[in-house]
Structure formats: C-alpha cells, structure tokens
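Take these sequences, add in the hints, and give me the full structure.
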Amino acid sequence: MTSVIKKGFSIFFLFVFFICAYFNSGAQSSLLSLPDLTLVKISSISDQDMLSYYQKALKEGMTQSQIIQAAIQKGLPDAEVPLLRERLSAIAQGNSPLQSTGTEISNKQPNSFDTSVRNVSLVSQPIDPSIFGSELFTTNSLAFEPNLRIPPPANYMLGPDDELVVSVYGYSEKRYVLTVNELGEVYIANVGPILVSGLTIEQATEKIRNKLGSTIYTAIKSGQTKVQVTLGKIRSVRVMIIGQARKPGTYTVSSLTTLYNALYLCGGPSDMGSFREIEVIRGKEKRKADLYDFLIDGNQKDNILLQEGDVIRIPYYNNRVSISGNVKRNGKFEMLNDETFSDLLKYCGGFTDVAYRGNVTVSRVTDSTRKIIDLSSAQFSRFQIKGSDEYTVGRLHDEFGNRIYVTGAVQRSGPYQLTPGLTVKNLIEKAGGLTSDAYLHRALIYRYQPNKLPAMESVNLDSVLNYNKVVLLERNDSLVVSTLFAFEDGNSVLIQGNVRRPATVLWRKNLTLKDVLTFSGGITDAGDSSNIEISRRIQNVNVSKLNHRESEVIYVNLLATGSEDYTLQPHDIILVKEKPGYSSQRTILIQGEVMSPGRYTLQQSQTKISDIIERSGGFRASADSTSLTLRRMSKSSLTLQERKDLFTRIFGLTEDSLSKNPNLQNELYKSFDLISIDLKRALSNPNSSENLALEDGDILTISRSSNLVKVSGEVYFPTIVSFQKGKTLKYYVQQAGNFMPGARKSGALVIQPDGSVNSVKHFLFFKSYPIVKPRSEIFVPKKEKSNRTKIGAAEWALIVSALGIVSNVIINVSK
4 MTSVIKKGFS
14 IFFLFVFFIC
24 AYFNSGAQSS
34 LLSLPDLTLV
44 KISSISDQDM
54 LSYYQKALKE
64 GMTQSQIIQA
74 AIQKGLPDAE
84 VPLLRERLSA
94 IAQGNSPLQS
104 TGTEISNKQP
114 NSFDTSVRNV
124 SLVSQPIDPS
134 IFGSELFTTN
144 SLAFEPNLRI
154 PPPANYMLGP
164 DDELVVSVYG
174 YSEKRYVLTV
184 NELGEVYIAN
194 VGPILVSGLT
204 IEQATEKIRN
214 KLGSTIYTAI
224 KSGQTKVQVT
234 LGKIRSVRVM
244 IIGQARKPGT
254 YTVSSLTTLY
264 NALYLCGGPS
274 DMGSFREIEV
284 IRGKEKRKAD
294 LYDFLIDGNQ
304 KDNILLQEGD
314 VIRIPYYNNR
324 VSISGNVKRN
334 GKFEMLNDET
344 FSDLLKYCGG
354 FTDVAYRGNV
364 TVSRVTDSTR
374 KIIDLSSAQF
384 SRFQIKGSDE
394 YTVGRLHDEF
404 GNRIYVTGAV
414 QRSGPYQLTP
424 GLTVKNLIEK
434 AGGLTSDAYL
444 HRALIYRYQP
454 NKLPAMESVN
464 LDSVLNYNKV
474 VLLERNDSLV
484 VSTLFAFEDG
494 NSVLIQGNVR
504 RPATVLWRKN
514 LTLKDVLTFS
524 GGITDAGDSS
534 NIEISRRIQN
544 VNVSKLNHRE
554 SEVIYVNLLA
564 TGSEDYTLQP
574 HDIILVKEKP
584 GYSSQRTILI
594 QGEVMSPGRY
604 TLQQSQTKIS
614 DIIERSGGFR
624 ASADSTSLTL
634 RRMSKSSLTL
644 QERKDLFTRI
654 FGLTEDSLSK
664 NPNLQNELYK
674 SFDLISIDLK
684 RALSNPNSSE
694 NLALEDGDIL
704 TISRSSNLVK
714 VSGEVYFPTI
724 VSFQKGKTLK
734 YYVQQAGNFM
744 PGARKSGALV
754 IQPDGSVNSV
764 KHFLFFKSYP
774 IVKPRSEIFV
784 PKKEKSNRTK
794 IGAAEWALIV
804 SALGIVSNVI
814 INVSK
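Per this note's numbering, the sequence shown starts with residue 4, numbered consecutively.
As a list, the in silico DSS-like pairs of lysine-lysine whose alpha-carbon atoms are at most 27 Å apart:
id	residue 1	residue 2
1	Lys-776	Lys-728
2	Lys-728	Lys-770
3	Lys-229	Lys-214
4	Lys-304	Lys-335
5	Lys-335	Lys-374
Restraint-style ranges between C-beta atoms, simulated for each label pair:
id	residue 1	residue 2	range
6	Gln-303	Gly-201	20 to 26 Å
7	Val-544	Ser-586	35 to 41 Å
8	Gly-584	Ile-557	21 to 27 Å
9	Val-544	Gly-584	33 to 39 Å
10	Asn-184	Pro-85	32 to 38 Å
11	Ser-466	Ile-557	43 to 49 Å
12	Lys-62	Thr-182	18 to 24 Å
13	Ile-678	Ser-762	17 to 23 Å
Derived by calculation from the structure, the hints in this document are not laboratory data. Ideal Cβ positions, reconstructed from N, Cα and C, are used throughout, including at glycine.
Written out as structure tokens, the structure reads:
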C-alpha cells in the first residue's frame with residue numbers, strides 16, 4: 004500500500020513539475036519552482052523537458068552547479084543527484100539527443116556565455132594534442148567545476164546577491180535567510196540594515212552578532228544565546244575572457260569560480276595562446292598566471308578566486324619549441340625567455356632509459372636559414388631556448404664499450420668485462436676454467452679491425468695455460484673454445500624391429516647387444532631371439548667391383564647354449580625379426596540386421612562371409628538378405644585429386660554434379676574401399692567367388708529391407724518412389740517428373756544398395772537403362788557448359804555449299 008501511495012505522489016509531483024515548466028516563467032527555473040523535490044525521479048523526465056528546464060535556468064543566470072545545489076536544498080534525494088548531474092552535463096557537452104538539432108540558447112548577446120552553455124552555443128576548433136597542457140582542456144571530465152558544497156574560503160568577500168543564513172539558538176531560537184542587496188546590506192526586522200559587502204564571513208558574523216546583541220537578543224552578551232552565520236545561495240559574477248582563448252566571451256559564473264575553472268569553461272588557450280603568461284586584470288591591477296606551475300608541481304598559487312568584472316587575457320605565446328625522440332613526453336612546450344634546455348628536460352619528464360644523453364641535436368631557425376646545433380651534456384644548463392627550436396634525442400647504441408665473450412668448452416659461457424691488460428688466460432679463469440673435454444691445441448678469437456672488417460686469430464690454449472703465453476684481448480672480442488667431440492662423428496647404434504622401444508642409442512666403449520636390448524625395453528612376444536641381425540658398416544668398400552659388399556651382416560642366436568654377449572661397434576644397425584608362424588588376432592565388425600551384431604575374431608586364415616553370418620545367428624526378419632555392404636580399409640596410393648579425376652572421368656560427371664550428391668561425395672572422400680557382394684549367391688554357393696575371405700578391420704553391413712528408391716539430380720521433382728520389380732531407371736525418372744532441360748540423360752547413374760554403380764548403356768542410337776533394385780538411388784547429373792556456339796541456318800547453308808564444292812573437286816580429280 005505504501006508503494007502505491009509513493010507512486011501516486013511521484014506522479015502528482017511530476018504533473019506539477021510539467022505544469023511549472025510551461026507556465027511559471029517568472030520562477031527561478033521550472034525544475035526548482037517545485038516546493039519539494041523529495042519524490043521526483045530524474046529518470047522519468049524526458050530529454051525534451053530536461054532541455055527546456057535547463058535553457059530556462061540559463062536565461063535566469065544560473066550555472067549548472069547552482070541548479071544542482073538548489074535542487075539539493077529543495078530535498079532532491081542523494082541517489083538522484085548524480086543522475087541529474089549526468090543529464091545536465093550531457094546537455095552542456097552537446098551529447099543530448101536533442102542537441103544535434105542545432106538547439107541554442109536564445110535571447111543572449113553575441114559572445115555572452117555562462118558555465119553551462121559552452122558546448123551549446125559555440126563549437127570551437129579542436130586543440131593540437133601535442134601541445135603540453137592541452138590535456139587539461141580536451142577531457143570531458145568536470146574536475147574544474149567549482150564545488151558549491153564546501154565552506155567558502157577564508158578570503159571570500161561578500162557582495163550583492165549573496166545569501167546569508169543567520170541561526171540564533173540557545174535561550175532564543177530564530178532562523179533568518181538574508182540576501183545582500185545592491186547596497187551591500189542585509190535587513191533584519193526590528194534590527195535594521197547591516198552593511199556586509201566587502202566583509203569575510205567571519206567579519207560579517209562578528210558584526211551581525213554585535214548588532215543582534217545590542218538590540219533584540221541581549222542574552223547574546225551573556226552567552227545564553229548564540230549566533231551562527233553561514234553562506235546560503237552564492238551570487239553570480241560576470242567575467243570576460245579575451246585573447247587567444249578557444250571560446251572567448253563574457254561568462255556568468257559562480258562567485259566561487261577560480262581562474263582555472265574559467266579557463267576550463269572557455270576551452271583553454273587556443274593553438275596560438277599562451278599557457279604561461281595568462282593575465283587576470285582587476286581594475287588597475289594585473290596578475291600573471293603560469294599553468295606549468297600546476298602541471299609540473301601541482302602548485303595552485305595562481306588559481307585565484309574571480310570577482311565581478313575581472314578580465315582574463317590569454318596572449319599569444321612567445322617561444323614554443325618541440326622535442327622528440329627518447330624523452331618521456333614528446334610534444335610542444337612553451338618556454339620563457341630566460342629558460343634553458345634543462346628546464347625543457349624537466350617539462351618533458353627527462354630522458355628515457357635508452358636515451359643517448361651525451362648529445363642532443365637542435366634544429367634552429369635563424370633570420371635567413373635553418374641550422375643544426377650539436378648540444379653537449381655540459382651545455383644543458385646554460386643553453387638558451389629560442390622559439391621554433393626542434394630538439395631530437397637519439398637512442399643509445401646496443402654496442403658495449405667494455406664487453407667481451409667466451410663460449411664453448413668453459414664452465415660459464417657469456418659476456419664479461421674487459422679490463423686493461425686482460426688476457427686469454429685471465430678470461431678463462433673468470434669463466435671458471437675449461438671443461439674436461441676442451442680441445443687445447445686451438446681456440447679461435449673473433450674480432451673486428453679498426454676499419455670494422457671482421458678478423459680472426461687462433462690461440463694454442465696449451466701454451467697459454469701451461470706455458471704462460473700472453474694473448475691480450477680487445478673490445479668486443481669473442482673467444483670460442485671447441486670440445487674434443489666437435490671433431491668426431493656422432494657415434495650411435497640403431498635398434499629396430501620387434502622391440503618395445505625402437506631407438507637410437509649413443510655408442511660407448513664396450514657397448515653390447517644385451518645392453519641395447521635392455522635400453523629398448525627388451526624383445527616383444529613377437530620378436531625372434533634366435534635370429535637377430537646386426538648390420539655393420541664396411542670401412543673400405545671395393546667400389547670398383549660390380550657386385551661389391553656394402554655391409555657385413557652378423558647373425559646372433561641368443562637362445563643357443565653358451566651364446567655370449569656380442570660387442571657392438573659405432574653405426575651398427577640391430578634388426579629383431581618376427582617369429583616364424585607368429586600371428587596376432589584379427590577381427591571384423593558385422594552390423595545391421597543380424598541376430599548378434601558386433602565384433603568377431605577371424606578363427607582361420609580363410610574365414611569367409613558365410614562363416615561370420617552363421618556365427619552371428621543369421622538374419623533378422625527385417626533384413627535385406629539379398630545384398631551386403633563390405634567396407635575394407637583402402638590401400639590405394641592415389642591422391643585425392645587423382646581419385647576425383649578418375650571418378651569424374653569414368654562416370655562423366657562434372658564438379659557441379661558431384662557436389663550435389665552426398666553419396667557420390669562419400670564414395671570419393673572415403674578412407675575405405677566399398678566391395679559389392681551378391682549375398683544370395685555367396686550363401687547359396689559357399690565356394691563361389693562372391694563368398695570372399697575376410698581381412699582384419701573389415702566392416703560388414705546388413706541393411707533393413709525397404710521398397711523405396713530415391714531419385715535426385717536434374718529432375719523436376721526429386722523424390723522417393725516405391726520400388727516396382729523389373730522397372731528400369733527411366734521409369735523412376737518419369738515418376739520424378741522426367742528429365743529437366745539441363746539434364747545429361749546419358750550420364751544418369753543407379754547407385755545400388757551394395758555400392759555398385761550402373762550407368763546408361765549406349766549402342767548406336769539406342770539406350771539401355773539399368774534395372775533398379777530396392778534401396779537404390781538414381782542420380783541425374785547436369786550438362787557441362789560448353790563454349791561452343793550454336794550453328795544457325797545460314798552457317799548450315801554455307802557448310803552444305805562448301806561440302807558440295809569439295810565433293811565436285813574430288814569427283815573431277817578422280818576422273
């Protein structure tokens with residue numbers, strides 16, 4: 004019930020809200036004319052109404068912050084305040100859907116703006132983002148909006164239109180809301196006018212307290228009654244922004260607005276404006292502000308409060324330079340006349356980690372030409388900046404000034420420091436010494452000559468280490484120490500065949516056959532231990548002999564009594580053969596309409612189809628016992644493209660016809676061979692050729708009996724037709740609406756249930772259509788497109804005339 008009542012109140016206040024929006028033009032603003040905003044929902048206000056309220060508030064001199072503050076004072080819930088701020092900001096920044104229609108604030112003089120219409124009535128040119136400081140004014144953040152919910156600063160001076168809230172409490176209770184009039188006075192009944200203009204809040208509080216204590220609240224003097232004075236509504240002031248601002252003009256702003264707030268409202272300096280010599284002109288006084296103090300150090304000493312009539316002047320910049328390369332911030336920086344390159348380094352964040360700091364290249368414009376200056380690090384602090392200077396900071400080269408390398412047969416390879424007088428012996432000692440397999444007779448030093456051409460020097464390490472021969476090293480030298488094994492072939496032994504882990508084994512001295520068998524996991528059950536072959540390389544082959552021996556074969560019988568282990572030599576190949584008569588079990592799969600489908604083991608080498616069907620229990624009642632599909636793993640060596648070419652050539656099909664029939668595609672891409680079997684003949688005569696012997700992995704499929712025939716391809720109505728005994732392909736095509744004009748009749752196929760394919764036969768002008776069996780599929784391909792043009796009547800007449808001429812010539816010649 005409570006929610007219903009709240010909803011009713013909400014609707015009522017919204018109704019009042021809309022009425023006030025259109026008829027209360029004299030109020031402070033339509034939104035704020037409501038006596039209570041406690042139940043108002045900002046989300047329920049349309050964009051059109053919000054824009055209308057916003058524009059009326061702007062006409063009355065209110066800023067965005069003042070609108071929000073006034074709404075809070077009238078009871079707008081805290082949860083609605085962010086939404087109101089977001090809606091107002093969207094309108095102010097031109098993001099409201101209605102702003103795109105070109106809606107502008109009316110009844111305003113040219114170049115007269117306030118804090119909330121900066122993006123509504125003027126569109127400024129985008130600022131160059133490379134200018135240092137421009138990021139303050141290119142963001143949509145409201146970080147520079149004046150905060151009206153904080154106490155006024157200690158130096159805030161009261162003036163006309165400020166609102167003071169005087170609270171009397173203690174022995175007496177009273178609350179006064181006083182507005183400073185144009186004379187700078189507030190009026191209290193039975194007390195009279197009190198001049199507060201030009202006073203701070205503390206000074207005004209003391210003056211009002213004394214006045215009240217001497218008139219109607221005498222208990223103030225004894226301390227029984229106390230007085231508190233706070234600032235209520237804040238007055239507006241008008242400031243003018245001139246010069247090189249992005250949006251110069253007159254702005255109506257809050258009296259708590261600072262210089263930085265105003266600069267943000269006008270979009271900041273333009274591309275030609277100064278960031279460092281901004282002037283605030285107040286009467287005859289002039290004060291300069293430097294934004295770099297805030298950007299670099301966060302110093303806000305120049306962020307002064309603005310007063311009525313203040314003029315903010317943004318002059319042209321004097322010196323602007325650019326810096327690029329390996330500094331932390333590339334861009335354009337404004338420099339004062341007495342600043343040096345060290346100051347520029349401070350502004351751009353300094354060098355990066357990989358910057359070359361010894362020298363900076365300067366491109367400077369003189370009166371008549373441009374010139375290049377090499378600026379050394381010793382000159383950074385005294386080099387005077389000039390306008391249009393371009394500074395380029397290079398990258399440090401990867402080359403080290405004191406690095407040498409040692410690699411190869413040492414304990415710790417890698418780079419080392421080159422010290423004066425460092426020798427090869429010293430470097431090897433730094434690297435932990437040589438490894439046990441180091442080759443001492445020759446090591447190589449790779450180095451570069453002064454002209455940068457590569458060179459090499461060889462060193463006898465035995466002389467260096469044992470006889471103290473001195474070989475000095477130079478910058479970027481690389482010492483390479485070889486190992487003994489670098490000069491030898493990779494010696495290994497290969498074992499293959501019926502072992503558990505065929506492998507290549509590193510040859511070592513005294514390596515035996517049993518050692519290698521142990522390493523490879525031993526001989527498998529199928530392996531023959533009595534007939535192991537070891538193939539050995541012959542070093543000196545007599546290649547001049549026609550039938551020369553290429554290798555020596557050694558036969559080893561590990562089962563023989565007293566057989567000894569056989570010592571191997573490098574590059575031996577060990578072959579473990581399969582036992583004679585060893586055979587692993589073979590299985591096939593039978594599926595479909597049999598009593599016991601599943602996998603069966605082939606008991607004999609010539610187990611046939613009839614044997615498996617008998618073991619599976621025979622056919623089910625629903626089986627088609629006339630045909631069987633036998634799939635056998637393909638052993639063809641043809642590629643897919645070769646199979647496709649062969650398939651299309653045999654049956655005269657096109658790519659288009661092939662893509663339209665899934666059965667033909669399956670036949671093309673299958674990884675097995677489909678063998679056609681006349682099952683009736685195989686079972687009636689077990690010795691016939693149809694009763695094939697099965698092989699490992701064969702799949703036998705007995706299909707369900709069906710009296711349907713599928714017709715597809717270039718027919719008018721592809722469909723499934725009931726089987727009619729003795730009928731040919733032509734009959735079923737006619738049942739499907741007959742051939743289409745683009746059909747290739749002579750290429751029509753019948754795909755039989757067992758996988759065999761029959762096509763239309765031709766003899767002279769006669770066609771023989773194949774007989775169709777149940778569960779068959781008929782496919783009619785499409786004609787190939789020919790580039791040949793049809794011969795017209797005129798062409799035929801010309802051909803006949805030419806043939807007549809040729810025939811007369813032949814007759815005359817023969818006579």
